[in-house]
Amino acid sequence: MKMIRLRKALTAAAVIMLLCTALAGCGATEVKGDITVTDTLGREVLIADGAEKFVCIGPGCLRLYCYVGDTTQLVGVEDMEKKIVGRPYIMAYPELADLDIIGAGGPNNAPDGEKLLVAEPDVIFTMYNSDAASVDELQNKTGIPVIALSYGTTEVFDPLVDRSLELIGEVTGHQDRAAEIIAYFAELKADLENRVKDIPGADKPTVYLGAQSMRGMHGIESTSGNFSLFNAIKARNVVDEAGISQYIMLDKEKLLEMDPEVIFIDAGGLSLVQEDYKTNTSFYTGLQAVKNGKVFLELPYNYYYTNIEIAIANAFYMGSVLYPEKFADIDPKVKFNEITQKLLAKDLYEQVAQDYYGGYQQVVFKK
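Mapping the sequence shown onto the numbering used here, position 303 (from 1) lands on 303, and the numbers just tick up by one.
No lab work stands behind these hints: they were computed from the structure. These numbers come from a predicted model, not from an experiment. Using N, Cα and C, we set each Cβ at its ideal position, and we do this for glycine too. Just to be clear, a hint being listed does not mean it is correct.
As the list claims (entries may be wrong) - Keeping only pairs whose Cα atoms sit at most 25 Å apart, straight-line, the calculated DSS-like set for lysine-lysine is:
#1 LYS366 - LYS291
#2 LYS291 - LYS346
#3 LYS346 - LYS333
Unchecked claim - Distance windows between CB atoms, simulated:
#4 THR281 - GLY201: 28 to 38 Å
#5 LYS197 - ASP98: 40 to 50 Å
#6 GLU180 - GLN288: 40 to 50 Å
#7 LYS254 - GLY50: 55 to 65 Å
#8 LYS197 - GLY286: 32 to 42 Å
#9 GLN288 - ALA183: 39 to 49 Å
#10 ASN280 - PRO324: 26 to 36 Å
#11 PHE283 - THR71: 41 to 51 Å
Given these sequences and hints, build the entire structure.
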């Protein structure tokens, strides 16, 4: 009896071993092509072979996807993405606004796990990425791989944007497209740097950004030191020279003291500036930039995070205003379309300009 039992035990063990071997073989076939990626929060995430349905949540996430991925593989969008004004990626792909809603969206709203489950994406790209724990929580709650992306901190030419584009390429199978866009950003950055590198400081006019959009519209006092677009063209920002290195609501008297030679007004706040001019005319006429007709319009580029294509086009426009000889070959409108063609396959200057007073121009103040 013991021998029979032993044989039975050996036979059962053999069967189990064969099953394990077969399952291991099947498992090897099933995971073939699976990839593990490390997202911008340092999380390692396993993406199954054949991932072909995607969603993007959080400020700016869908924009980065549109630069690289196939928009027909998106299975839903946040309600915030239904608004077309001010966002070239939705202008380029208006059909995205017809997709099912996967959450409210917006910087103050959390992801909607239930709606994400209904959409059944294979991968979730997220910009709700303040910490790894919250991203892990969403992944555990939905059972869907979640990849955290980031814009970094510099608005344009940030290495974390490049890494985010790489991640989108790796996960969606569009690595070549991601590499192409990253190389294009590097080319644009180098072009700007080369144009301004030899301009002596004494030959650079002082400059100020007013009415900067920051969680809404603001007047001329809204500005920044360490402003990324001025940094990209090595401009003499009077806010920097006053020792201010961040966003600030500047006192008007301080602006009069700074008295920049050139002022750019963010079109998002132009209406507030024009109204303020009517009641505080003496303040504006006390600025040399206003007296000399050196006030110009910048297109807003922060709407559900940074519209990178508009921001870079703005840098070329600002360069053409501040250093006309160095940017003599640049038509800002043509450059804008070149950039949107590369990133979004559409000429979008006229459509964006239509939303903002006609686009790049000299600002004329009227009572």
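Verification of the supplied hints:
1. LYS366 - LYS291: holds (13 Å)
2. LYS291 - LYS346: Cα-Cα ~38 Å, so violated.
3. LYS346 - LYS333: holds (13 Å)
4. THR281 - GLY201: 28 to 38 Å: holds (33 Å)
5. LYS197 - ASP98: 40 to 50 Å: With a Cβ separation near 47 Å, LYS197 and ASP98 satisfy 40 to 50 Å, so the hint holds.
6. GLU180 - GLN288: 40 to 50 Å: holds (44 Å)
7. LYS254 - GLY50: 55 to 65 Å: Roughly 59 Å apart at Cβ, these two residues keep to the hinted range, so it holds.
8. LYS197 - GLY286: 32 to 42 Å: holds (34 Å)
9. GLN288 - ALA183: 39 to 49 Å: holds (41 Å)
10. ASN280 - PRO324: 26 to 36 Å: This hint holds: roughly 31 Å between Cβ atoms.
11. PHE283 - THR71: 41 to 51 Å: Because 47 Å falls inside the window, the suggested range holds.
The structure fails hint 2 only (numbered hints given earlier).
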